[in-house]
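Chemist: These are the residues of each chain, in order.
2 protein chains.
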Amino acid sequence: MYRNAINQLKNHVTRNTLAAGSVRGQQTAAKLANQRPLIANEPSGPMIVTDSIPGPVSNSKLEELSQIQETHSIQLFLDYNRSLGNYIVDVDGNILLDVYTQISSMPLGYSHPDLLKLLNNADNVRSFINRPALGAFPGTDWADRLKNSLMAVSPPGLQHLCTMACGSCSNENAFKAIYMWYRNKERGPGATVTQEELESCMVNKQPGSPPYTLLSFMGAFHGRTMGCLTATHSKAIHKLDIPSIDWPMAPFPKYKYPLEEHTRENAEEDRKCLEMVEDLIHQYNKKGTPVAGIIIEPIQAEGGDNHASPEFFQNLQQIAKRNGSALLIDEVQTGGGPTGKFWAHEHFNLPEAPDIVTFSKKMLTGGYYCKKEFLPTQGYRIYNTWMGDPGKVIMLEEVVRVIKRDNLLENVQECGDVLMKGLNALEKQYPQHINSTRGRGTFIAFDGSDAAKRDAIVGKLKMKGIHSGGCGDKAVRLRPALIFQPHHANMFLDKLESVLSEL
Amino acid sequence: MYRNAINQLKNHVTRNTLAAGSVRGQQTAAKLANQRPLIANEPSGPMIVTDSIPGPVSNSKLEELSQIQETHSIQLFLDYNRSLGNYIVDVDGNILLDVYTQISSMPLGYSHPDLLKLLNNADNVRSFINRPALGAFPGTDWADRLKNSLMAVSPPGLQHLCTMACGSCSNENAFKAIYMWYRNKERGPGATVTQEELESCMVNKQPGSPPYTLLSFMGAFHGRTMGCLTATHSKAIHKLDIPSIDWPMAPFPKYKYPLEEHTRENAEEDRKCLEMVEDLIHQYNKKGTPVAGIIIEPIQAEGGDNHASPEFFQNLQQIAKRNGSALLIDEVQTGGGPTGKFWAHEHFNLPEAPDIVTFSKKMLTGGYYCKKEFLPTQGYRIYNTWMGDPGKVIMLEEVVRVIKRDNLLENVQECGDVLMKGLNALEKQYPQHINSTRGRGTFIAFDGSDAAKRDAIVGKLKMKGIHSGGCGDKAVRLRPALIFQPHHANMFLDKLESVLSEL
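Listed in order, the protein sequences are those of chains A and B. Start counting the first sequence at 1; every next residue gets the next number (our numbering). Start counting the second sequence at 1; every next residue gets the next number (our numbering).
Honestly, I wouldn't trust all of these hints.
Identical chains share a label here; the pair holds if one copy fits it or two copies do between them.
[As the list claims (entries may be wrong)] Derived pair list, reagent style DSSO-like, types lysine-lysine, alpha-carbon separation capped at 30 Å:
| hint | residue 1 | residue 2 |
| --- | --- | --- |
| 1 | K205 | K254 |
| 2 | K428 | K453 |
| 3 | K205 | K287 |
| 4 | K147 | K341 |
| 5 | K404 | K421 |
| 6 | K185 | K235 |
| 7 | K421 | K453 |
| 8 | K235 | K372 |
| 9 | K272 | K205 |
| 10 | K460 | K428 |
| 11 | K372 | K453 |
| 12 | K286 | K205 |
| 13 | K235 | K460 |
| 14 | K321 | K205 |
Derived from the structure by calculation, the hints contain no laboratory data.
Construct all of the structure, not just a fragment, from the sequences and the given hints.
Modeler: Here it is as structure tokens:
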């Protein structure tokens, strides 16, 4: 089987090399030939067998499902039993290279052999089906499982955590940890809770329910439950008709690309946004709605892959500290390796750890890391029935092992270089179609010249066998798995070039 | 193996019969002898091997875990590989009969053989590890999976659904479905969304973010994310220090027990509470914060197993309809069979279905059923990355099959009768210790004479091998699995009688 895969790879490299007329081309075929495929028996490339995607089988399944569910957002029905590695197979038999990976939530792609093996273990099977209330009755090996998974990759300086089931619950509960921490500071050391607080909180009133706020950024996406959605400002369709709360919103820097040609303007943009942050904190504190915390993504993903400089984040942390607000970094989409470091905020060289870091998606389980002072000092304050799921943590343990064994962070860095170089070249060749390539690792986006162009690119890529996604108004976002290798990157670039040349 | 189990059962029945001096006794040994155990090789009874619970191994594991997590609410570490059926085994080797089942979330108890078999199937294994973004890329068999699981047990009159990962997300998203429905009614047929709405919602302002409210009940528990927590009023520790919103709260009926002796007072209690509901709706509508919906549990569980009559719920539905508010019944704890019907609200003979029914826990997946008019008419409005988890739905499919095959709803009814009769007898014998036995099916609670007495009962039951839980101020709640059989019920009653006799 392995020999087969090697042959497939060789064929692929040959094909790629033959297609070397491309402007971004001249990839070192020698280097590629040395690269072992990380997933044996992956398809050698995409294969499109229907005249349009979704094809007829997907369409008929959509109609069936529409009898039960709202299905407007469904794009394709996939055959997960046939999907493998970086390739998805749809129910019509189309094989697509997946650079979107379930909205960036598949760290090792599809049916990774090491994950499949997990369920040959009878104890693991029992863990999958005996889901405990983790906050009350964890299993024998829970501490070890956490040490081998989440704690083995904890962000520098953060040694405590709380597990949750999804990204929204992670942020919602991180908010609560921030409120309790803030209130404890207000109360002062040794102070006790008053009867008035205990009674007033039961009826949603002050002082038990204090009017704290969280500062978020325009363009942010932090989830869709009430607290999260109040901090979310990416698209109107997410927020329309939903009651909200008056929380401060600061502008997120909007950079000009290429960065090296706009250093001065971008630094000025940082300065203006940071000034606004501090103004808003003063303003909300003054009107009796103290800013208990600041929530920010290291890269605004859903909002359009908007980046800010390390200096911006360093200064933001200083502003938070100066004003007694907690700094929460939401790594739900950026965490788990796609930027080439395990956590995107590690790129920022912060002088100390952020107060809280939330995660989900590629981490398979939701939750947050935090400084010790953000752990509640009583039980049942940050709590729910499941508090996550050991089945996901067992899988994450294996994912972390594979990431280390296969040097996947290095792979991401290498692969990201190939993508960035290729995209920068294509951007120069087709400035009328794409621009503003930006990213870290393989967490990369580029803009179409407008929304229609972006949509056309995503659509045409699909018909050439590349499954990508959009974000923001006009960006194409790349969110491949950590097992996406340089030969996949080249295949993507070839197909994109072909799309751009036909636009 | 099966013969072994039969012998164990016979031994157990003999022991039970020998203990027949008890006041509630006279259980029909003949009937019990005919009952096949639903789980082969279950322990024949509890076995306590440590002087206290938690024992030394649990305590040392707690200390280890406390280095990583907040652990104040952790009661025991369990060995899930050795737990089976209705019995949990803790890390110290204590075997306990579990009538609490992970806060009521294990429909078939531990390591049910039919669930274990699921993961012998390679396709199922792939479904467990290839978790899709269900709202965009469902798997080949998704509609069939839903039909065989959630739709096979949908509440009468509700033919649509939305899957979510947990109870809080289910309620949060059900709230959003209600707001959208309410706003569409306000807009009127054919009206379009204005630019002002689209822009104002992005900054959390009216008219895009309308100031809708949801009416909830004192004593309610609906979860702990911001929207859910605003509707929750069970315990101060859940709400203290968390910002909240001014939403209307009505009193939930407080009944006197036994019900048959207090018919008039309890009917008057219903009337007063319902009057308050309608007053609050008028009041909040009038002040510009319209009550878009009413959320209520069929039985307030966390709040103390507070029941209300079918007439109360029938009238509540009429009030909701009269005032244009949606009626959301939160069946997160009551759903999935423990009341002897699949959904607790089926006991209420409502003239039509509630508008939305939320679920989680015993259903393994979260989500909600709804009337068609509560489905959004655009995509990405009720949405998140995972939208649930096919792995859980595959398990639920098997759970539903086993419930039907093994007539587990009948088992629950039969078992509930045994428990109710036994508890009523014990309540008469020990009126100084316990009172107010109430319940449907095996979803039963009784009160201790005060909080300390309740705590003593739960603690002493544990040392006799019964793992139960508290709720509200002074209630003991029983939440056994659906495979809890009359012989387990008798064992519980024997132990409880022994505890009460020693108090």
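Chemist: None of the hints should be skipped; say for each whether it holds.
Modeler: Okay, the hints, checked on the actual structure:
In this assembly of identical chains, the alpha carbons of K205 and K254 lie at most 30 Å apart only when taken from different copies (23 Å versus 39 Å within one copy). For a Cα distance limit of 30 Å, the shortest separation of K428 from K453 inside one copy, 17 Å, qualifies, whereas the shortest one across copies, 77 Å, does not. For a Cα distance limit of 30 Å, the shortest separation of K205 from K287 qualifies both inside one copy, at 17 Å, and across copies, at 18 Å. For a Cα distance limit of 30 Å, the shortest separation of K147 from K341 inside one copy, 19 Å, qualifies, whereas the shortest one across copies, 42 Å, does not.
Proximity of K404 and K421 under a CA criterion of 30 Å is satisfied intra-copy only: 26 Å inside one chain copy versus 59 Å between copies. Taking the closest pair of Cα atoms, K185 and K235 come within 30 Å of each other only across two copies (23 Å); inside a single copy the shortest separation is 35 Å, beyond that limit. In this assembly of identical chains, K421 and K453 lie within 30 Å of each other by CA distance solely inside one copy; the values are 22 Å within and 72 Å between copies. When the C-alpha separation of K235 and K372 is checked against a cutoff of 30 Å, the pair qualifies only between copies, where the shortest distance is 25 Å, while the shortest distance within a copy is 35 Å.
In this assembly of identical chains, K272 and K205 lie within 30 Å of each other by CA distance solely across copies; the values are 24 Å between and 36 Å within a copy. For the homomeric pair K460 and K428, the shortest alpha-carbon distance inside one copy (20 Å) is at most 30 Å, but the shortest distance between copies (76 Å) is not. In this assembly of identical chains, the alpha carbons of K372 and K453 never lie at most 30 Å apart, being 48 Å within a copy and 36 Å across copies at closest. In this assembly of identical chains, the alpha carbons of K286 and K205 lie at most 30 Å apart whether taken from the same copy (20 Å) or from different copies (20 Å).
In this assembly of identical chains, K235 and K460 lie within 30 Å of each other by CA distance solely inside one copy; the values are 24 Å within and 55 Å between copies. In the homo-oligomer, the alpha carbons of K321 and K205 lie at most 30 Å apart both inside one protomer (28 Å) and across protomers (29 Å), since each shortest distance falls under that limit.
Consistency with the previously given hints fails for number 11 only.
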